[in-house]
Amino acid sequence: MTLPPSRVRTKLGAPRAELTFVPSKREHTSFVIMGAVVADDGPSGVKAPDGGWGWAVLFGCFIITGFSYAFPKAVSVFFKELIREFGIGYSDTAWISSILLAMLYGTGPLCSICVNRFGCRPVMLVGGLFASMGMVIASFCTSIVQIYLTAGVITGLGLALNFQPSLIMLNRYFDKRRPLANGLSAAGSPVFLCALSPLGQILQHEYGWRGGFLILGGMLLNCCVCGALMRPLEPPKKSEATKEPAEKKVKKKLLDFSVFKDGGFVIYALAASIMVLGLFVPPVFVVSYAKDLGYQDTKAAFLLTILGFIDIFARPICGMVAGLKWVRPRCVYLFSFAMIFNGFTDLMGSMSVDYGGLVVFCIFFGISYGMVGALQFEVLMAIVGTQKFSSAIGLVLLAEAMAVLIGPPSAGKYAI
Numbered sequence: 395m396t397l398p399p400s401r402v403r404t405k406l407g408a409p410r411a412e413l414t415f416v417p418s419k420r421e422h423t424s425f426v427i428m429g430a431v432v433a434d435d436g437p438s439g440v441k442a443p444d445g446g447w448g449w450a451v452l453f454g455c456f457i458i459t460g461f462s463y464a465f466p467k468a469v470s471v472f473f474k475e476l477i478r479e480f481g482i483g484y485s486d487t488a489w490i491s492s493i494l495l496a497m498l499y500g501t502g503p504l505c506s507i508c509v510n511r512f513g514c515r516p517v518m519l520v521g522g523l524f525a526s527m528g529m530v531i532a533s534f535c536t537s538i539v540q541i542y543l544t545a546g547v548i549t550g551l552g553l554a555l556n557f558q559p560s561l562i563m564l565n566r567y568f569d570k571r572r573p574l575a576n577g578l579s580a581a582g583s584p585v586f587l588c589a590l591s592p593l594g595q596i597l598q599h600e601y602g603w604r605g606g607f608l609i610l611g612g613m614l615l616n617c618c619v620c621g622a623l624m625r626p627l628e629p630p631k632k633s634e635a636t637k638e639p640a641e642k643k644v645k646k647k648l649l650d651f652s653v654f655k656d657g658g659f660v661i662y663a664l665a666a667s668i669m670v671l672g673l674f675v676p677p678v679f680v681v682s683y684a685k686d687l688g689y690q691d692t693k694a695a696f697l698l699t700i701l702g703f704i705d706i707f708a709r710p711i712c713g714m715v716a717g718l719k720w721v722r723p724r725c726v727y728l729f730s731f732a733m734i735f736n737g738f739t740d741l742m743g744s745m746s747v748d749y750g751g752l753v754v755f756c757i758f759f760g761i762s763y764g765m766v767g768a769l770q771f772e773v774l775m776a777i778v779g780t781q782k783f784s785s786a787i788g789l790v791l792l793a794e795a796m797a798v799l800i801g802p803p804s805a806g807k808y809a810i
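Numbering (the working numbering), first residue to last: 395 to 810.
No lab work stands behind these hints: they were computed from the structure. Think of the CB as a built atom: it goes at the ideal place given N, C-alpha and C, for glycine as much as any other residue. Among the hints, a few may not be true.
[What the hints assert, rightly or not] Here are the simulated DSS-like pairs of lysine-lysine, each with C-alpha atoms no more than 25 Å apart in a straight line:
{"no.": "1", "residue 1": "K570", "residue 2": "K719"}
{"no.": "2", "residue 1": "K685", "residue 2": "K474"}
{"no.": "3", "residue 1": "K474", "residue 2": "K693"}
[What the hints assert, rightly or not] Estimated spans, in silico, between C-beta atoms of each pair:
{"no.": "4", "residue 1": "F651", "residue 2": "M745", "range": "40 to 46 Å"}
{"no.": "5", "residue 1": "S537", "residue 2": "M742", "range": "36 to 42 Å"}
{"no.": "6", "residue 1": "K441", "residue 2": "L543", "range": "42 to 48 Å"}
Let's have the full structure, built from the sequences with the hints guiding it.
Shown next as structure tokens:
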């Protein structure tokens with residue numbers, strides 16, 4: 395923001411000097427409403443193209459988001475086979491999904507350091523190999539603990555090394571269209587959930603859980619393809635005269651803890667950590683809950699399809715709404731409403747005792763779940779800006795990790 399120059403005159407009326415007011419970086423942030431877009435005005439900032447190759451990046455982010463969020467829920471279709479083979483309880487198998495999600499969240503700072511050190515593309519390529527390798531090794535496991543370590547820890551780490559860098563690249567390629575891009579990429583989660591759940595049932599029926607894990611491991615190699623799409627943005631070339639001296643270059647921090655000085659970031663991290671404690675419980679257990687009420691497997695599985703179908707449309711629509719010029723400066727309030735709506739829906743769903751009630755619950759949960767999914771990272775990007783986003787997202791995911799780890803197993807141990 396630069397005010398027009400004004401002339402300061404002496405008593406004789408002669409102009410003395412031209413004064414131009416340019417706010418400092420700290421003064422600049424005071425003009426920004428919480429939830430509005432923070433400009434990337436750093437010395438290393440590159441203007442987001444808002445299109446072009448960005449659409450390929452968006453497609454890759456769509457695939458990665460789908461695998462990262464849908465995979466922990468999709469593997470739940472193999473739980474009955476695992477219970478039968480290893481003689482364990484349902485809460486024991488639920489640890490697989492929880493460990494996957496905990497690795498996705500808990501390794502956030504590690505991913506931030508890797509991205510800041512090596513860049514997004516190399517990290518994603520290695521992550522794709524880890525994700526695939528974990529599921530392939532899991533297909534040969536002989537105990538549930540071994541599955542925790544392979545399908546849980548190794549695959550979870552691989553998905554984490556893909557998920558976080560893909561969001562960082564999406565943030566770099568989109569600015570004006572960023573809310574829409576976030577909504578479209580977030581739609582990958584319900585799309586893949588609708589596809590992977592029935593696919594998992596088919597694989598289990600045809601090849602057993604071991605063959606299913608092996609095939610899913612091969613599918614996860616597509617994460618490497620998505621990583622190859624993440625072409626880094628190159629800053630404009632500078633002439634020799636305009637290049638900064640080597641001694642003046644600021645060393646980039648591998649993990650920037652200065653984000654904790656921002657009150658908005660601290661509030662966001664606390665609220666998000668509380669929210670995810672129960673956010674993933676309904677998608678993991680709604681099918682089993684319906685079966686416990688006496689409904690057939692096909693009718694119970696159809697509830698997950700309803701939830702995913704509603705979620706598919708809720709995310710991009712919410713992204714479009716958040717991009718409106720009179721909504722975007724206040725998108726943090728829309729995100730707050732989404733969290734409250736999601737919690738209220740969970741409370742109402744716990745009172746459902748028949749199939750009709752569960753269908754209504756899945757419809758409203760799909761709407762609220764989609765709103766949260768479309769807005770959570772858009773709001774974080776808006777609070778901290780592009781330069782600090784790679785560190786901020788890692789620290790937020792770490793804060794959420796413990797809640798993600800204990801949420802589903804606790805719900806599996808006690809009645810929902």
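Consistency of the hints with the structure:
no.	hint	result
1	K570 to K719	holds (10 Å)
2	K685 to K474	holds (12 Å)
3	K474 to K693	holds (17 Å)
4	F651 to M745: 40 to 46 Å	holds (43 Å)
5	S537 to M742: 36 to 42 Å	holds (40 Å)
6	K441 to L543: 42 to 48 Å	holds (44 Å)
Of the numbered hints listed earlier, not one is contradicted by the structure.
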